[in-house]
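**Student:** These protein sequence lines are chains A and B, in that order. Be aware that the first sequence starts at 1, since it is given in UniProt numbering, and climbs by one per residue. Be aware that the second sequence starts at 1, since it is given in UniProt numbering, and climbs by one per residue.
Take the hints with a grain of salt, since some may be wrong.
FRET-style restraints, in silico, Cβ to Cβ [claimed, not checked]:
{"no.": "1", "chain 1": "A", "residue 1": "G168", "chain 2": "B", "residue 2": "T228", "range": "15 to 23 Å"}
{"no.": "2", "chain 1": "B", "residue 1": "S183", "chain 2": "A", "residue 2": "R117", "range": "50 to 58 Å"}
{"no.": "3", "chain 1": "A", "residue 1": "H166", "chain 2": "B", "residue 2": "Q118", "range": "36 to 44 Å"}
{"no.": "4", "chain 1": "A", "residue 1": "Q167", "chain 2": "B", "residue 2": "Q118", "range": "41 to 49 Å"}
Hint data in this document are derived by calculation from the structure and do not stem from the laboratory. C-beta atoms are modelled at their ideal positions from N, C-alpha and C, and glycine is treated no differently.
Number of protein chains: 2
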Amino acid sequence: MLFFTQCFGAVLDLIHLRFQHYKAKRVFSAAGQLVCVVNPTHNLKYVSGRRAVAANAPEQGGCPQRHATHLPRPPRPHPRPPPRPHRPRPQGAPPCTCPLFSCAWEGRLEVVLPHLRQAHRVGVLQGAEIVFLATDVHLPAPADWITVHSCLGHHFLLVLRKQERHQGHPQFFATMMLIGTPSQADGFTYRLELSASHRRLKWEAAPRSVLEGVDAVITDGDCLVLSTPLAQLFADDGGLAIGIAITAAEACSSQAGM
Amino acid sequence: MLFFTQCFGAVLDLIHLRFQHYKAKRVFSAAGQLVCVVNPTHNLKYVSGRRAVAANAPEQGGCPQRHATHLPRPPRPHPRPPPRPHRPRPQGAPPCTCPLFSCAWEGRLEVVLPHLRQAHRVGVLQGAEIVFLATDVHLPAPADWITVHSCLGHHFLLVLRKQERHQGHPQFFATMMLIGTPSQADGFTYRLELSASHRRLKWEAAPRSVLEGVDAVITDGDCLVLSTPLAQLFADDGGLAIGIAITAAEACSSQAGM
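Chain A extracted, bound-state conformation (with noise of 0.2 Å):
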């Protein structure tokens, strides 16, 4: 009876990714797309002080597999968090915080990745154009949507993000990071661009490196920012889908470890 019951949820489960997978295919019709279902990750926990609990893998979300998907625990309620610090770090050898919102985990630029793969499950595209398709963004904040792409020699990573930095108004968030140094982000060139029935917004610029801190670029404006209301616009059944493209930076390809 648990065997049946199982294979029941597994079609169930299969029937879902199906019908999103479906949709982005739609929205972005260019042929060879890549489509990657995104989970929210919500804010379970947040710690203040900054320790290193790398093993700890509390949250559940992330892109694991191409086109696994995961239902989103419900969130918990919990005290607001004080806001994180948003300038860059240092540059002598910089610790880097977990993007995620949620994770108080710091480390080494050169660790980031193993963190983001063991802590948080999340998976690593291949290709430099994909479909970014952030599901039940409906959800409230805060909550982070998050993806690593692999091209261009360099790993680069997707952050949606749904936060209220105005009480009551939550506003969407997405940028393109760089696992690298700020002088290697310069290098390239990210395009995120969002397009439902007669309305089409792009957002194109230099990825920050991730040594920055997600806070820091929402503070500067230097994304691409959605109220819920556009946000909605744009979603077709709690589903966002942002197409994503990188290039390398015309006067840096050189350098830029391609």
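Fit chain B to the given chain A structure using the hints.
**Tutor:** Structure of chain B alone, referenced to chain A:
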């Protein structure tokens, strides 16, 4: 002596204008594009009751001539106005409100353009591709920058509004509205584009009818939204250059009066 002072003032104005024009051309390098320098219209007064004040012209702003520039009046202290109603009005011979935040005028659709030209000295530009250069974007909210474009057989109104939807956090909202009915507006597409070093932001949508009101468009999120930090990333010496393009939507071009 007075004559020489006036001449000197005129020369300074011309130098300032030339500088702004050069900046806009540098940002948008496409040859042959018109540049419209648009000054802010401050919310000097607000009449909460709706009454016809068509002949009244207390505000100074708009783009009276293509390359004219004016010093904006300093904003006077005033109580925060009550929010305007922002739902579309009934379609049966609907009254149309003035798109300027500071003006309480209302009248029929056919007299919106004469009102804007006479009461607010808004000039009409010919051409489907124009660079809209809003000056003094650092001035406090609320403020409007507007201009009218005549192309494809219709008149389009570009509105850039600086407004505090959330206390203490002014934002910029840019939208294109057709001086026509909603069904006529569906026949067109407009594109707004901001560009600065390593950053580009594009918004493409169908214009909304001026009958629906600017407030409804902002509340629906159906416009380009810039936070103050993001606007600062694109601004250059207090000027915000927005490239504008209007096209007839493919399916409706035959009915759009081309």
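**Student:** Checking against the hints above, which ones are violated?
**Tutor:** none
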